Structure formats: C-alpha cells, structure tokens
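We have chain A already, so just place chains X, E and W on it with the hints.
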Amino acid sequence: MTPVLQRLLTSWPVSRQLLGRDRLGRGPAARSSHSAQLSPRTASAQEVVGSICPYCGVGCGQRVYVQDGVVSQIEGDPDSPISRGRLCPKGSASKQLVSGPSRQRKVRYRRPHGTEWEDLALDEAMDIIADRVIATRRSSWEWEHEGKRTRRTMAVASLGGATLDNEENYLIKKLFTALGALQIENQARI
Amino acid sequence: MAECHPVGFQWVMEAKARGATVVHVDPRYTRTSALADVYVPLRPGTDIAFLGGLINHVLNEGKEFREYVVAYTNAATIVADDFRDTEDLDGIFSGFDPERRSYDPSSWQYEGTVAMPAAGHREWWNGAGSETASSGRRPPARDETLTHPRCVFQLLRRHYSRYTPELVERICGVPRQQFLQVAQLLIDNSGPERTSAFAYAMGWTQHTVGVQSIRAASVLQLLLGNVGRPGGGILALRGHASIQGSTDIPTLYDLLPGYLPMRRAHDHQGLDDFVAGASSRTGQWGHMRAYLVSLLKAWWGESATPENEFCFDYLPRVTGDHGTYQTVQGQLDGSVKGYFLAGENPAVGSANGKMQRLGMSNLDWLVVRDLAMIESATWWLDGPEIETGELRTEDIGTEVFFLPAAAHTEKDGSFTNTQRLLQWHHQAVDPPDDARSDLWFYYHLGRIIREKLAGSDDEVDRPVLDLVWDYPTVGDLDEPSAEAVLSEINGWDASGRPLSSFTQLADDGSTACGCWIYCGCYADGVNQTARRKPGAEQSWVAPEWGWAWPANRRLLYNRASADPAGRPWSQRKAYLWWDEDRRAWTGHDVPDCTTTKPPGYQPTEGASGVDALSGTDPFIMQADGKGWLFAPAGLTDGPFPTHYEPQESPVDNLLHTQQRNPVRRVFSRRHNRYHPSGGASGAEVFPYVVSTYRLTEHHTAGGMSRGLPYLSELQPEMFCEVSPELAAERGLEHLGWATIISARTAIEARVVVTSRMASLDVAGRRLHQVGLPYHWGHNGLTTGDSANDILSFVLDPNILIQESKVATCDIRPGRRPRGAALVELVESYQRRAGIGPETGVSNERG
Amino acid sequence: MKEPRLVPEVEPTSYYGRPVIKAPVWKWAVPAYMFAGGMAGASSVLATGARLAANPALARRARWTASVAIAAGAALLVEDLGRPERFRNMLRVAKPTSPMSMGSWLLTVYGPAAALAAAGDLLGLPRALTRLADWLAAAAGPVVATYTAVLVSDTAVPAWYGARRELPFVFAGAAATAAGGAALVTTTPMHVRPARAFALLGAATELGASQLARRRLGEVGEVYRQGRAGALDRLATLLTGVGGVVTWLWGRRRIGAAVGGASLVAGSLAKRFAVLEAGIQSANDPKYTIGPQRRTVEPGRTGAVADAPPR
Amino acid sequence: MSAADPALGAGYEDPPTRVGFFTDTSVCIGCKACEVACKEWNGVPAGDLDLLGTSYDNTGGLGADTWRHVAFIEQRRPPGTEAGSGELRWLMSSDVCKHCTRAACLDVCPTGALFRTEFGTVVVQEDVCNGCGYCIPACPYGVIDQRRDDGRAWKCTLCYDRLRDHTEPACAMACPTDSIQFGPLDELRQRAGRRLEHLHDLGVEDARLYGHDEADGVGGAGAFFLLLDRPEVYGLPPDPVVGTGELPRMWAAAGAAALTLVASAVAAFAGGRR
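Protein chains in written order, with the working numbering: chain A, 1 to 190; chain X, 1001 to 1846; chain E, 2001 to 2311; chain W, 3001 to 3274.
Only chain A is shown next, with the shape it has when bound in the complex:
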C-alpha cells in the first residue's frame, strides 16, 4: 500500500472503526491525534513556586506555575494544612489578577490643575517624590506642640497596607517614623 494511502487509512477514523474495536466510532477511533497527546500546562511548566493567596486573611496556600517568564497557572497548594489545595473564587482568579486587563504597568503623573494623565519616568518620579517629602517635612516641622516636645511633621501622612508584606510595612514604619511622619495608617482601622 502506498504510504499516502496507508497514512490516509490509519488516520481516517472510519478505517479505525472498521479495523479496531470501536465499531460505532464513539471512542478511540474518533479521538484525534491532537486529543491523544493532550497534557496539562502544569505538567510542562518550567517552575513551580510556593505562594500565599493575596486576598483575605485565611492565608490559603497557592502554587504558581511559570512558563517562559510568565505565570501560566495559579491554583491551590494541597500541602497547606490551612487550605488543603482549595481556593475561593477570588483566589482562583489570582492569575487574572496578576496578568489580567486591570494591571497598570506604567507610571502616571498628573500635574497640579492638570486635566489628564501624563507619562513620567520611574526614576524621575522617585526623585520628585523624595523632594516633595523633604520640602513638605521641613516646612511643617514641629519640635514642640503646646509646650511639649513632639519632634514630628503632621503634614506627611500615609495609608496602607494590610495588603502589603510584613517586610514592606516594616520599612514604611521605620522610614516614616525616622522622618517624624507619625500619621501612618492602614485598613486595620477601617
């Protein structure tokens, strides 16, 4: 049999029906080659990273699968004694949170009285913000309040964050306290 005909015969499900056990064409005969070698992207991911869901306080374990530098799947971590591999709807939507349409990727800047967003380089933004902090702090510094030593500025405040890591909250508290800016708050009080 010529190779073409031979390949046609074996690839044509009807012939597989006649030659094989799947007479009615409802099983292996009907299965395409694409279906035959399906495998989940979790099996072929280059890396699996242990993580914790960013949404609520239960702290469900998550497994983050990575393929070509991109998160390819986020699902529950069966090892976690807290969540046993399970997730809620928000936890299950984590991949769409980290790589979905709502993610902002660029610095946006609005000048005073401006009517639209403008571009601004990140390092430039950092520099300007540092200047603003120093200037506002200096212009509002309070050595005393009603005769008692306070050593602070009441002009710089911050809000956030219960969605941040402990290490991040630690740097905020350490830096702002050293700056004398004690009006630091977060969602714990809201």
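These are calculated hints, taken from the structure and not from any lab test.
The structure presented is a predicted model; accordingly, all values stated were derived computationally and were not measured.
Treat each hint with caution, since some may be false.
Anything over 12 Å on all C-beta distances counts as not near chain W; from chain E, calculated [unchecked claim]:
#1 2090
#2 2112
#3 2249
Here are the computed distance ranges between Cβ atoms for each label pair [to be verified]:
#4 105(A) to 3190(W): 44 to 54 Å
#5 124(A) to 1394(X): 17 to 27 Å
#6 143(A) to 1394(X): 37 to 47 Å
#7 2218(E) to 4(A): 49 to 59 Å
#8 2216(E) to 3259(W): 41 to 51 Å
#9 3148(W) to 2054(E): 50 to 60 Å
#10 1472(X) to 128(A): 36 to 46 Å
Where a beta carbon is used, it is the ideal one built from N, C-alpha and C, also for glycine.
Structure of chains X, E and W alone, referenced to chain A:
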C-alpha cells in the same frame, strides 16, 4: 464566614459533619446562614445586648465553668468601693468627665492596687501616675467564694441583670425562644468535656462600641471556660491577606512594632519613665524595656547608645488621636499636605467618600501605589464630586503620582494571616515595566531622601541619617532582599547571630530586634515563615508549616487547657499538660507559659515579669495573669461592655437614658452631619436601618476584583437588598433602581427584593433594613456608586474605627438625581430632618 | 407557625422559568434543507415512476428538480455549519447512532445518483449507468425524504421526540407535496396528472400525520398551535389546502397547475419552518420537559416549592 | 469493572477505572470558586455584565461559556419536613455536564468530535467540531451549547488534559467545602449512599441522590448529585432520557413513511398512464 472566608469555612463544615451545631447570628441571611443549623436575625448594632443576654443567662442558670472562672479569671478580685456601674448612674460608669467626654479609670481599680492594662490606652500612667504603676507589688484582694458584693463576679451579675430574654427580644428583634435556644446550645457545648468557639469579622468591629462587642464575647467565653482550649476561643476573620501583620508591624500611628505603645508628648519623659508608665512590672510586659531597646537598636544601630537612651528621643510623639479619619480632616483643614496610598482605596473603602475625596483635593501632592487604577487615584478626573460640580478638575491643585505596584507573584515577602501565622510567598516572575514592589519603593525612597540630606547637620534630619538603611539589593531591578528585612525583624545578638526567642532580648543594647513578638521567625538564620512541610505529614496542629507569633505557638493562653493542677480538663479536650516526670509542660503545642514552671509555683516577693505570675496564671500578658471579666484599665469606655444604641438609630435606648456611647468620637463638620435618632424629631426622615457588607465574589473596595472579568461577571452590578415588606412599603421593584439617601449624600443601586433581608419587630415597631455591598466605585469593568459614601465619620473611642455596620437612611424608587440636583436632594433631606452642626453630637437623647 | 405554601402545588416548578434543555441553534438553512431534501427525494421517486409509466417529460423534469434541490440542500447544510470549512468532517466517521452521520453518507450516495440520473444523457454517459443512477436515486430518495424526521426526533426536544412515530409521515407527506407541486409548476399539464395525485396524497399524509402527532403529544402539542410555530403551521396548512383545491379544480390548465403547484411547494416549505419553530418553543418552556417527566417519575410525591422573588 | 463501563463499551483496550464527580449540594456554600477555577484553567471566555435578579446567580445556566453553573434557590421550607431548621432555606448547587453512561451528545455527533475518553468521560474535540449543532438539542440536560462567533460546541471536559496527568479537575480541587468530589465513580456512589443515609438520620428527609442510578434514562451519570429538593427546582430534568435506544423504532417509522411515499407514487401513476 462562608461569604468572605469560604476556604476557612471548610473547617466549620468539618466540625458540622462531626456533630457540631453551627449558629449564625447576622442581620441578613447569608451563605453562612444557608449552611448553619440555627440562623438568628438580629438588628445591626445590638450585639452587646444579645451577648449580654447570654452572659446574664449563664450566670442566672449557674452554668459558668466555676473552677476555670475562679482560677483563671479575675472574677474573685475585689474592686475598689468608689466604682459605680451603669446600673447606678443610668448608663454611665463612675469617672465620666462630660466636658472632656472621657473617663478617668482611677475609680475602676482593684481594691488596694493598680492593675496595668496589657493593651489599649496605657498613657494614663505616664508622668504623674508613674510611681503608683509600680505599686502593683501586693496582689489584689480576692474572694474565691465569689460572694463578696464588690468582687468582679457579683459586679458582672449586677451589670447584666436587666439583659433578660424579653429585653433582648425588644432591643435585638430576636424572638425569645430563639435566644433561649442559642443560650442552651452554648451552655450544652461548654465545660470540661466540650468547647464552643466564636468567629467574627467587621460585624462586631465597625461600631461605636466595636471593641466592647468583642470584649462581651471574651467575657462570655471566659465564663464558659472556652479560652485557651482547643475548639474554643474567638477567631477574628481578617479581610486582607496581612491585616494581622499590619497591626503586628503596625503601619498605625498609635503603635510601635510588637504592640509597644507609640510615645505620647509629656514633659522631659525619659525611656525609663516611658516604660514604667506604659507597662506593668508583672506579666510579659514586665520585659518591655528589652523589647523597646532592641527595637531602637534595630532602627538606629550604632547611633543608639545607652547614653542617648538608644535614640529614644528620635521618636515623634503622639498628642491625641491621629487616626486616618483625623488625617482626612487634617487634609481638609490644610495641615496635611502630602499623602501616600499603598494598596488602599479610601475613596471607596473608607467611610464618607466625599470627605475622603475633598480631603485629597486639598493636598499638595498624592502618591498612589496600586495594581490597578483605583478611584482614589482618579477622583480629580471622574469622581462623584466632579459630576455634581462640587469640584472642578482645573481647580484641583493636587499633584498626583500613580506608581504601578508588583503583585504577590512578583516579589518575595511574608503575610501574617488571621491566625497569627507568618507565611512566605516566593517571587515567581519579574514585575512588568515600571511596576515595583513596595519594598523597592520605600527602600529606594529612603535611600534617595538620605542621599539628598547627606550633608545636612540640621538636628531635624538626624533620625533619618542615623537610620540603619543598608539592605542588600538583588537583580537588575535592585530589589531589596526581603529576607534581610525579615532577619532584622527577627533580631540578632551583639555578634550578629540571629535570635531564636524573645526571651533572649536584653535591655542593655546588646540585642537588636525589629519586632519582639516576631523574634524567632528567622531562628538559626532559617526563614521559618517559608516552611511548607505538607500538612498530611504533621500533627493536626501542623507546627512546621509557616511560623506563628509568638514563638510558633498556635493556640494562645493554652495553659488554660489544663486545670490548676496541670491535668487536662478532659481527655477529649487535652491540649497541654504538666509532665511530672520531665518536670515540664508538654502537649500538642508550644506551651504558653514558662515550660519548666510547675502548676504549683508561687512567685517570690519582688519577682518581676513572667516570674511574677503563679503556675495558675494562663493570661501572661495581663499584670495579674488572669482573664479580665472586668477591665480596670485599658478601655476608654468602661470596664464592662454595655449596650448603647448606634450613632444613628430609629429607636431609643431601652436600657438607659444614655442613648449612645458617651465617649464615642464625633465630628461636627459640614460634610459629616448626623441624623436625629430614636424618638427625636426628624428621626422619621431616615426610618430604615442600613448596613454595609461584602460578597464572596468581590474584595473590599474592589481594586482587586472589579477589574477582573471572571469576578465581575459573577456580581456584575451594584445592588441593594430589601425585604418584600420594605419593597411593598416604598414601591421598590425587583431589578428596578433605588436611591438611598443619608445626610451625607445619596447613591443609587439596582434593587434585589429577597426574604433573606429580615424585617424585625423592635421595641414594638416593625423595622426594615437596607443591605448594601460596598465594593463598587466608578472604575473597573463593573462600576457603580460607593455604599460607604452615605456613611459618616463616627468612631469607636478605643481604636477609632468608623461605624459602617449600622446607620439610618431613606430609600425610594428610581435612579438618583445627577449633577447639582443631587446636592439639593441631600440638603432638602437635611432641612426636613432639622439637621444642624449639633445634631447627634451631644450626649443628651436625640 | 408554619406559613401556608406560596405557590399552588400542582404547577410543575422550574429554575426561575429557565429552559431545562437547550433549544436547537439551527437557523433557516436547516428547515430549508429538509424541504429541499424532501422535494429531491420525492422527485426522484416521481421521476422513476414517470419513466416506468412512459411519461418522459415528467420524468425529466422531476429528475432535474431532484438534482437541483439536493445540490441546493447540500449548500444549505454547509452554510449552516458553525465551521463551514470543516464540512468534510461529516464523513470523518460513520456512526449508526447518529442519524446525521447516516444522512451524510446517504447524501454522498443519493446526491451523485440524482445528478447522474438527470445529467447522464447530456454527458453522454452509457444508458445503463444513468439507468442505474436513476434506480439508485429512486431507492435512496424516500429515505432522504424521511431520515431528517429521525434526525430531529432523536433529540430531547419534547415536540419532536414526542412525535417520533408520526414525524416521518409528516416529512414524507411534505416531500410528496413539494415534489408533486414542483412537477405541476415545471411540467405541461398533460403530463402532470400523476404528479397532481402524488401531491394530493402527500398533502393528505402530511395533514393526517400532523393531527395524529398532536394528539399523541397531548399538552406538548399546543406548541404547534401557538406562537410563531402556530402561525407557520396554519400558513402551511392554508397553502397546502389552497394548492390542493386549485390543482384539483384547475390542475389541468397551465395557470392552475402552476399556481396550485407553487402553493403546494410553499406549503411544504412553511411546514418545515413550523416544525422547527415548534421544536424551539417546546424546548424553551421548561414545563414541556418537566411536566411529562415529573408524571412518569413520581406521580404523587412533591417537595419544597421554589420561592422565586416576585417579578 | 462496573456493570456499565462506557470506555470499555466504546472500544478501549484496558481503560483506567471510570472517574466522575459526586456533587454533595448539602455542603455547597455557593462561592462559585468552581466557576472561576474552571474558566481560568480552560481559558473559557468571560460572559457579559448583567444582573439577572435570580438570587446570587448571575451566570444563568450551563452553556458554551459556562461549564460550571452555581444555582441559587431561595425558598420556604414546607411545614413538617425538617425539625429544628428555620423557615427560610437557601439551596445552592454547582451544576456541570453529566458525562452520561449513554450520552446523547456523543451518540448524535456526526463528526466524531464528541468522543468517549479512556476515563469514561465525554469530551468535545475543538480541532474536529464543525458546529453542526446536533448535540445541543440532543442533550437531555441542556448542558452543551454553541459559542457565539466561534461556531463550535463547548462543554466541560472533566479536565481531560489534567486527567491524563493524574491531576484532579480544577473545580474539584478548588471547591472549599468538598461539595464537588472527584474520584472513581463506584467509590463516589458508595460514599454518596453513606452521606444520604447520614442526612436522613439527621432528619433531612428531602435529601435524595440524582443521576446515580444506572437504570435511569442515561444509564447513570458520570457526574451525579445529592440534592435537597426535586431536581426541577434546580433546573434539572426529573427523568432525562437519551433517544438512541429508540433509534430502531424511529428508523422503522421512517422506513414505513418512505414506503408510504413510494406507495403514493405508485397510486398516483396507477390512476392512468397520463
């Protein structure tokens, strides 16, 4: 809990499968109610009346866990004779100063001694009071028969004597039979052999009596012996991944890491005065000096020397309330000029959205760091006030920086979950384009500021320049090492070796530790929070997954799970017990007491710290080591939880003439008017009770859910939930529109008519409720009005949290007016209700 | 204090009135194909009959009607596919459990046969071959005309599955009406008398079978009288009736035959659309699925009642 | 080997044990984690944003873009059926393709796009389906549907790709209360039986199994349920039947009709040659 902590709810389902009875008390029938055995609808804001009724019932039936109560609580302690209860002064405790609207707790003290609070407001004892603080040497007088008229037990009985099932029915709207059913279930499932647990969230906290609601549950659980025991306790269900972490390492104005109090402004108060004033000599806080000094060493390193009291003077001082709601008023008054928002959306999440946005319009500059373009970053362009014309974009001078943030998969770091468990999340991929972690942002901001101030010899800048700020950075993004920060939090000794327990902390500057309760999370230089030993390969306590503070202890106060002699109260509930052979405590968890302190230990004269506590004092944070049924100090609004009506309520307080919490924080401001309450004229203009809550499918202020297609389609539009009775009364159509009006503003929402919203019989009248999910705002795929816009600034006096679980409102069919007509509508309601600057501010009725 | 039930117990409940099964997604092309297939199949029978009855004029026209109709039918089928470019997959497998699969293979036989039967002479094919094609078309024709009834019956659609014994006769009748009607239009009156009879017999079969189906369907049968399906069904009956009368009275005259024939064809087409629409209506109202099934499962027992929010 | 192992019947040499879902709706908390986990794993397109007003169900039903659908039913419990529970009851249930033992969609599919997998589940092959639409009215549960501007039919694949790597389907893994249980079908049926007994002992008389019985109209479902009310309350058919069994009689009727057609022709010509 099934609504907002579904995966946590699996454990409730496991308990139910093993025969536990699940009782759900909530103004609204939720997905938790659907799975509960007993659902109890009650009027929002009446939790203390309900819990007080349970306390009264337990005491009347004599069903308290007597041996536990006598040994482990301050029930037997005798209170000084100048204490007067709310029953004596019709709703007020002794020591109330009407002008300053605050209490002086000196009349609440134990007889003959002064007890220091473990937490909360501790500044009373600074300065003048400091010498009496140390006088806690003599143990307070106690009557173990619990019959002395001024022992805590009898005061408790008397305080709640009028909280009868009938009163609970009239105040809470809970039918008597159902209240008694719940009381019986609780009694039947408490005691040596059985324990009951409470789980709560914002339903208790977001009230003008928030802290006292939780206190009421603590009193009840102490009476029933359900604290420190497996299957007992009170679990707070935190709404964010690391709300617990953000109070342990507090981005909060009133705390230093590890719940050390922030300094208050006093005349020339040194470090030792501060420690003596803020802590008790006995109990865990007896070691406060070591914790504070270690913190100062972690922050200012070499510059912190014994001579300069370890840079204690560098700390800014608090001079009153500086919570977020005070900060917003500072913005409105022009004192606050610069504002950072890190992963928070106050324009939707905080109360009174209008004041939040107007405040930000007064700023010089605003920095917003978030994953998505949240409402708090775009109010100047498309906020509600732009629509009503109250603000014009061109007139707003605020300079706004939006810096994209990295997601949890794009940075290393630890969250502290609702069970005090530190869990590490590893970076999987790099953040895209300009997105950076907040670790990166604040580290480099600090670095740039220090570089700009490098040459300064101005004393103002000393604290910044002396700061230890040299964290190693990795990779081409110069990301600071989160593990380096964690190791600083964990602390090290003089030679730089990581510490493994806060017992190693010294107060001579030889140790540094960023947060004493986290000491041990990096023990042996190993990131204990990153441990992921599979749950299946561990005990049911699973101690080798992550790391729980303090000392990886999973169940606090677990000494109370054994009787005074050290034997488990029952085999069934054994958790911790004294092993006579090994002369040590042992069990399923890290003991919450000195491991080698025998049950019979009695402190020697003059002992301090934990050594001053006996072998039968499980509550090691308290000065007397006992569970406080009566809080002689630490709470600004009374030693016993007392029912008061919320700030805005359609009914009068049936218990006392004192309508509302006398020391709640109120603010008389143009955009923060309150409604008349109870029988006062004008209260009928806002006849319905409104409550805000969350849905499973969305997350708090919506920043992390309303931009996601897969979540937005599950709850696609802002809606309000009303009972069929209210719908009929106001002509509201299922799936039609409704406008909800308060003295602050009016919002619109689609109408969902459902019998899950209970209408209740309260104080002889039929009361309807309006339910509002508060996720929505004007950005994202699914948009809508923000429920919190209709709320006011009115705060719990202890922690200054806003009352967003209950207010009054009116509701009518149809969409809300647009533009300036909206402002007119609100003003017309204010006029009809006779609302002025004084409404709801004073303490008289109305 | 237990509240009395809100909703009377008798009415079978549903999930907010939502359909239980999915209505067919087939558009106009499918009923159009069923009509074309029916006309083709019946025309082939008519053609062979005419040949045997030495009526070549009728035979030739009927053959051409058949081949044109089946060609159009095939095009309609491909057009209705969600992925027309994959029409070849219809012959990927041969599944006896799938009437559509059997139908596809049937068409691969009938289509060329009908075409060769018609075009054989033109193409100069050997007589025997066109004769064989003619016989083949005549043999396959009736099945082509009726297999589509099996196809729609082998679904969960109440108005179809419930009428599975009668639908083939409805389709056969409609096919005959269409074929006869077509012949009346295309053939000179003198040769067309058998076609007229064929059409009238077809109409009778179609209308009779429809009545039988409706009676068997009971409550579900009402979909054939209501809504768009009812309108289409009445139109079909009207057209078929008028067509029948006109051909009966004036069938001998050219105009009469043409008008009568056209009306019969239109009636047959309308009938196909009526059947599709009735199927859709019976699928979209949950009561037609739940009611009968509830009675077969537990005649007496009832449970809690849905407290659907007030509309 | 269970009585009706469809994979064996479909011609697999030595198929693995048949797997499926048992959904215990008595512990479903309506959180919709299954809906999101399914969509996220399979890249199913999001739907549009409109409030349906049917309690907390804004998904509406199973379809080409909703392979999992959580139903919400707010109802008054009838008097006397359950002791100690309140008036109001809120039923929740996560609906899914039934992966029937005798599957109508599989039987009628003309292209072999729908096929029986080695695990006994039923899957649409997206590289074969030409959108003929026949499976859609054939399904007695109304599960499968055609996707707008794609043309093909789509439904739950019971995570066929994950099964091939011995991984649990995404919805079952995510389900916080294990309402959705995945596993060997025989084991699930025994577990369901025990759960039903337990509930009846607790006085939950309304509890019943649905789709577990091999004698039903589809030979027993590969994804069956424990319900707390009659199936139609959840939008499920009380007695679904697959038509394949009736095919012989249908073809017979068609044959008779064909003969009637021929007879009509004969009669037409018999009336005179002209």
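Against the structure, the hints come out as follows:
The Cβ of residue 2090(E) sits about 6 Å from the closest Cβ of chain W, inside the 12 Å cut-off, so the non-interface label is violated. No Cβ of chain W approaches the Cβ of residue 2112(E) within 12 Å, the least distance being about 19 Å, so the stated non-interface status holds. No Cβ of chain W approaches the Cβ of residue 2249(E) within 12 Å, the least distance being about 17 Å, so the stated non-interface status holds. For the pair residue 105(A) and residue 3190(W), the supplied restraint of 44 to 54 Å holds, since their beta-carbon distance comes to about 52 Å.
Distance hint check: the CB atoms of residue 124(A) and residue 1394(X) are about 25 Å apart, consistent with the given range 17 to 27 Å. Against the hinted window of 37 to 47 Å, the Cβ-Cβ separation of residue 143(A) and residue 1394(X) comes to about 38 Å, which satisfies the hint. For the pair residue 2218(E) and residue 4(A), the beta carbons lie near 57 Å from each other, so the given range of 49 to 59 Å is met. Taking 41 to 51 Å as the suggested C-beta distance range, the pair residue 2216(E) and residue 3259(W) does not conform, at roughly 21 Å.
Between residue 3148(W) and residue 2054(E), the C-beta spacing of about 55 Å keeps the proposed range 50 to 60 Å intact. A hinted range of 36 to 46 Å for the beta carbons of residue 1472(X) and residue 128(A) is inconsistent with their spacing of about 26 Å.
Violated hints for the displayed structure, listed by number in ascending order: 1, 8, 10.
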